[in-house]
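Enquirer: Spelled out from the first residue to the last, the chains are:
Number of protein chains: 2
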Amino acid sequence: MFNDFKLVDDRPVYVQLKDYLKEMIMKGHLLEHQKLPSTRELSKLLSISRNTVLNAYADLEQEGIIYAVKGKGNFVGKVTTLKTPSIELNWKERLNKATLLADELDLIRQDIHWKKGMISFNSVAPEEKLFDVENFKRAFLTRMSMEGDIVLNYGYAKGYKPLIEYLLHYMEIKGVDISNKDILITNGFTEGLDILISSLAKKSGRVLCENPTHHAALKLFRLHGLEIQGIDMQDDGIDIDQVEKSLLEKDFDFAYLIPSYHNPTGIVTSSEKRNAIIQLFSKHQIPIVEDGFNEELRYSGSHLAPLMTFIGAGNSIVYISSFSKILFPGLRVGWILADKQLIHCLESMKRARTIHTSTLDQAVLYQYLQDGYFEKYLKKARSVYKKKYELARQACKQYISFKRMTGDGGLHLFIELEEGINARILLEKCYKKGVVFYPGDVFYTNGGGSNTFRLGFSRLQDEDIVRGIQIIGDTLKNDMGS
Amino acid sequence: MFNDFKLVDDRPVYVQLKDYLKEMIMKGHLLEHQKLPSTRELSKLLSISRNTVLNAYADLEQEGIIYAVKGKGNFVGKVTTLKTPSIELNWKERLNKATLLADELDLIRQDIHWKKGMISFNSVAPEEKLFDVENFKRAFLTRMSMEGDIVLNYGYAKGYKPLIEYLLHYMEIKGVDISNKDILITNGFTEGLDILISSLAKKSGRVLCENPTHHAALKLFRLHGLEIQGIDMQDDGIDIDQVEKSLLEKDFDFAYLIPSYHNPTGIVTSSEKRNAIIQLFSKHQIPIVEDGFNEELRYSGSHLAPLMTFIGAGNSIVYISSFSKILFPGLRVGWILADKQLIHCLESMKRARTIHTSTLDQAVLYQYLQDGYFEKYLKKARSVYKKKYELARQACKQYISFKRMTGDGGLHLFIELEEGINARILLEKCYKKGVVFYPGDVFYTNGGGSNTFRLGFSRLQDEDIVRGIQIIGDTLKNDMGS
Chain A
1 MFNDFKLVDD RPVYVQLKDY LKEMIMKGHL LEHQKLPSTR ELSKLLSISR NTVLNAYADL
61 EQEGIIYAVK GKGNFVGKVT TLKTPSIELN WKERLNKATL LADELDLIRQ DIHWKKGMIS
121 FNSVAPEEKL FDVENFKRAF LTRMSMEGDI VLNYGYAKGY KPLIEYLLHY MEIKGVDISN
181 KDILITNGFT EGLDILISSL AKKSGRVLCE NPTHHAALKL FRLHGLEIQG IDMQDDGIDI
241 DQVEKSLLEK DFDFAYLIPS YHNPTGIVTS SEKRNAIIQL FSKHQIPIVE DGFNEELRYS
301 GSHLAPLMTF IGAGNSIVYI SSFSKILFPG LRVGWILADK QLIHCLESMK RARTIHTSTL
361 DQAVLYQYLQ DGYFEKYLKK ARSVYKKKYE LARQACKQYI SFKRMTGDGG LHLFIELEEG
421 INARILLEKC YKKGVVFYPG DVFYTNGGGS NTFRLGFSRL QDEDIVRGIQ IIGDTLKNDM
481 GS
Chain B
1 MFNDFKLVDD RPVYVQLKDY LKEMIMKGHL LEHQKLPSTR ELSKLLSISR NTVLNAYADL
61 EQEGIIYAVK GKGNFVGKVT TLKTPSIELN WKERLNKATL LADELDLIRQ DIHWKKGMIS
121 FNSVAPEEKL FDVENFKRAF LTRMSMEGDI VLNYGYAKGY KPLIEYLLHY MEIKGVDISN
181 KDILITNGFT EGLDILISSL AKKSGRVLCE NPTHHAALKL FRLHGLEIQG IDMQDDGIDI
241 DQVEKSLLEK DFDFAYLIPS YHNPTGIVTS SEKRNAIIQL FSKHQIPIVE DGFNEELRYS
301 GSHLAPLMTF IGAGNSIVYI SSFSKILFPG LRVGWILADK QLIHCLESMK RARTIHTSTL
361 DQAVLYQYLQ DGYFEKYLKK ARSVYKKKYE LARQACKQYI SFKRMTGDGG LHLFIELEEG
421 INARILLEKC YKKGVVFYPG DVFYTNGGGS NTFRLGFSRL QDEDIVRGIQ IIGDTLKNDM
481 GS
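Chains as they are written, first to last, in the UniProt record's numbering: chain A, 1 to 482; chain B, 1 to 482.
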């Protein structure tokens, strides 16, 4: 006993000794009122300083786990380790359908297992080598020295005030009329959408969206039991005639649209179509949830204003976004910009569910934006991604015989193969050659898209982009009988 | 025009100039194809360097907002600012009952407005002056230099692996059998509880809990439409006879218990009672959600093991906790420790709702724990809070004629006045004298507790603790007719 004590990590030795003794006591290896070795004995036995042992014993005594008797030494205190016969519940039986569905819809678990050395087009996360870690550290230190204690204590459910002000102004510069609007900071885009859906009454129980669309949004719609009406995508955005027909036929609680660098197709909705969308939904009094996630990653073409700029002082659009696709996704910061009254109610929901979003994340992000690092970083990121984007487009044109390729910017392209070609079978064959991509069917509302796939290029080296696309193209030509 | 440009903050001048011009264009003050002043003119007009203007113009051009014509200058590009007649939706009508209830139950909005200079016993948040900001900065810099790019990119829904490992070991040292158990990291305790409740099937639709209990938990139970069965608190924990009777009469989906430094009473459940609780709930096959939030703030008495240690390899307890009441609440990090299979399903729910908890928060917290700063800080915090705790207890005994006072540790005391005395009326009177506290009725499951209140002392100066309690006592004696 005692001589099996080992240092297991970098923590101070006295802490590790304390933990070791505590564990022995908790597990019943040392019994109540049992005498512990004297500090001198133990320090000799373990070849550590006597002070270390003294510190560990003092901590254990303070925690009430051992007690000292003057002149006699240290003894194990009363620690209830009595175990009742343990019972086994069947947790699966106790879960509800939505939770089992969440498990079933969890794409990450269905992903083909990626192995080291493979070329993976799965990710649309930013390239971490681009991260501006030094300026991020600077922003952290600046903020901490200004108000470290405030940053580390409880904040407001609505969000960190300077960040809210910054973002309101940021959206105003984009052309949004922010009078009577307000912002709620959320744990990224996804929490924003979830809080909104959780808060809306199910009147028709129906949502209208682009088809295909962002799978995390689709998953939330399904978990909330919404009926999903998907509308086909044309090269300049959603098919407006189909929208009109749907709105005449049925009622909808809201529409969910991604007008810029749409996920997964990468399509940018034209400015004419944006206008038509607003006209149509306004007429039918249907709110639009606008997903602005990728808006900043524009490589060419003229500027396009968010849908929200078109409604002026109106309140029918809920804009949800984050900087996760450009800046730092590890920081979970997103925001909802919407009608003031609506934000007021969503704020209560936010408080009930998660109190507030990490103040640290918000404060450092604010400082980073405020110091102008964002502008600089965006320029760098755009130029790197633009190059990859053009390379990937060119390679697809050269090697893959597709029916349609879309992607006007952003971090991915979307490929539609000829009818009848199954992208999942293609994926299986490519996997054997060390290349993986995202099958497109997961983005479809109605089981379609079996002949489509998404190519995320943001985290790949130039040569891997070309080589990977060539392998996909060759496999398609040679192994798919097409 | 242009000469109303002002520097409004600390960001680089060219960024502010760019934003100013962008806003003018978006708002329609500058029209499509309108010529902008030459860089030389504008630099002279605004008394800024020509380079600054060049940078701003270059950015605007890259964003597609202006275009350059060689030899002719810069012109406003095509920016759609067309406004359709804006519509006004009535959002309140479109929200569901739970959301309106969340708004109604939002205590922060009902709080009596605190004014500067008042003595407020409302908060049970940690004292921020105690925060160990320097070591926190150190932990941040250490982690960032080791893997800054990873910390800033997407992480795992389950949580940051080193932190999970650390916490598993931390709970093992407390005596928990962690075989077949796992951890899910959440945005604080509250998200943990919300995800769990959202995932459980409503079989009986009933929850059993202590009465009074933590109001954020009560709020979640109500928002999820659960029927709440509150059980009276005795000085050594929940009334076990009442529990037995309830379990015989009705079925429950789960029980929610706070065995250590219970909120709001501060009571610590005795080790005999812990044992009896486990026996009883095991017999009836009812899972227990154990709230470990304040467990570390023990000032005296013998060590008490979490309920979870009593079930051995069993899986009937879901332990949810965070370090928010001791370390840094601004970091939203909590965890659920439970059956492996259950965690697996909750993880899918977590991913669907918020992707994952801030990696930055998790990684810095991990480093802080790993470097042994937590142990040191805990010692300091305990000794400061212990002093305040003893002072507050002493002052209550001296000045307030209560029926019962509870609080075995932690950051607050709970006072029960004689029957018939309304704590909210007392609060109104004390408010006029500059003292506020938390009325106890908000913690009650059944509309009771009108004669109770909670005194949080963690953020008050010693003299304010005594003076505030004296004012409450005097008001009670002189102005309440008792």
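Some clues are possibly wrong.
Which copy is meant is left open, so a pair is good if it fits within one copy or across any two.
[As the list claims (entries may be wrong)] For lysine to aspartate or glutamate, the following DMTMM-like pairs were computed, each having C-alpha atoms within a straight-line distance of at most 25 Å:
1) K388 to E61
2) K27 to E272
3) K97 to E227
4) K340 to D479
What the hints contain is simulated information worked out from the structure, not anything from laboratory work. Because the structure is a prediction, the values reported are computed rather than measured.
Enquirer: It remains to establish, for every hint, whether it holds in the given structure.
Expert: Results for each hint:
no.	hint	result
1	K388 to E61	between (61 Å within a copy, 21 Å between copies)
2	K27 to E272	between (71 Å within a copy, 19 Å between copies)
3	K97 to E227	both (16 Å within a copy, 20 Å between copies)
4	K340 to D479	neither (57 Å within a copy, 42 Å between copies)
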